[in-house]
Amino acid sequence: MLEKYSIAVRNYGVGVLDIRELDKKKLQNVCMSIDAVLKDAFNLESLSSTIGGYLEPLLPPLRHPRICKSRRSRKSFLLNIEYLVHDFGAICRNLEKTSRTVFLDLGASLEFHGGTENPAFSLIDLYSKFGIKFDHYYAYEYTLIPPNRMYESVPQELLPSYHWYNVPVEELETSKRNPWKSILSAYNENDLVIVKLDIDSPEIELPLVHQLMQGNYSRVVDHLYFEHHVKMGRMMYNSWGKNSQGTLQDSLELFTRLREKGISAHSWV
1 MLEKYSIAVR NYGVGVLDIR ELDKKKLQNV CMSIDAVLKD AFNLESLSST IGGYLEPLLP
61 PLRHPRICKS RRSRKSFLLN IEYLVHDFGA ICRNLEKTSR TVFLDLGASL EFHGGTENPA
121 FSLIDLYSKF GIKFDHYYAY EYTLIPPNRM YESVPQELLP SYHWYNVPVE ELETSKRNPW
181 KSILSAYNEN DLVIVKLDID SPEIELPLVH QLMQGNYSRV VDHLYFEHHV KMGRMMYNSW
241 GKNSQGTLQD SLELFTRLRE KGISAHSWV
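FYI, the numbering for the sequence shown is 1 to 269, going by my numbering.
In short, the hints are calculated from the structure, not lab data.
Some hints here could point you the wrong way.
[As the list claims (entries may be wrong)] The list that follows gives simulated cross-link-like pairs (lysine-lysine, DSBU-like), each with its CA atoms no further than 35 Å apart:
1) K133 / K261
2) K181 / K231
3) K176 / K25
4) K97 / K26
5) K97 / K133
6) K26 / K261
7) K97 / K129
8) K39 / K25
9) K231 / K176
[What the hints assert, rightly or not] Restraint-style ranges between C-beta atoms, simulated for each label pair:
10) E96 / K231: 24 to 30 Å
11) K133 / Q28: 39 to 45 Å
12) E189 / L44: 30 to 36 Å
13) E189 / K231: 18 to 24 Å
14) D40 / T143: 41 to 47 Å
15) M1 / S153: 33 to 39 Å
16) S49 / E173: 39 to 45 Å
17) Q156 / M1: 43 to 49 Å
18) Y151 / L17: 21 to 27 Å
19) D40 / K181: 40 to 46 Å
20) N166 / M1: 27 to 33 Å
21) T247 / G215: 40 to 46 Å
22) D18 / E189: 30 to 36 Å
Note that CB positions come from ideal geometry on N, CA and C, so glycine has one too.
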């Protein structure tokens with residue numbers, strides 16, 4: 001089912017740059033077309049769901065299942081995001097002409113992934129396939145990167161919406177560098193807000209995640225992509241190392257609570 005879905009997504013193209021610009025009748029037809037991508041690949045009862053629609057079930061290792069096959073397969077699929085399932089039909093129906101679309105990238109290293117494509121940019125490409133254009137892309141990164149190098153690394157189509165903050169995020173709720181205080185507070189439930197959180201610092205990440213589940217933040221964030229660094233076999237030795245805290249069970253419980261709060265929470269790479 002997952003392979004069938006991945007192929008369908010790869011081959012899909014809505015043919016519209018921004019679905020918010022469609023009239024009501026055309027939008028309805030587009031949303032129905034998008035629905036078919038999901039419904040033709042899955043028995044919907046096999047998927048998880050939130051108020052925002054369907055998404056992949058929480059199954060270990062919370063990555064692409066092929067990383068478990070062999071060392072070669074693990075290397076090939078470590079940063080592959082095709083295990084993620086999105087209900088773009090639900091997003092299509094929920095977006096309004098006045099909705100603002102926002103991508104908040106916390107841990108926006110442009111060099112970490114070497115010769116491979118930045119997974120965050122791959123995610124942007126995925127959304128664009130379904131006619132979702134981001135008005136704002138806020139990128140926070142701790143490591144100092146020369147402005148020229150940063151500028152050359154950003155895809156041309158993202159430049160008009162790209163906001164670069166070469167400073168570390170902070171978990172203190174009153175801090176100007178807390179992204180929820182400085183960015184999320186400017187948006188509301190009518191907007192589409194996507195957050196990617198991967199800063200390799202559990203002492204900062206986890207308080208931020210718990211803050212999302214408090215107050216009004218859970219009403220604002222639609223999708224969260226979070227790499228929860230826990231003590232899980234080969235991942236510790238290959239990628240996470242000393243940053244690992246907690247267990248896989250902790251991950252399952254955390255993502256479940258986030259989904260119960262209405263956030264479509266995905267395990268990130």
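Of all the hints given earlier, name the ones this structure violates by number, lowest first. Result: hints 3, 10, 11, 12, 13, 16, 17, 20, 21 and 22 break, sorted rising.
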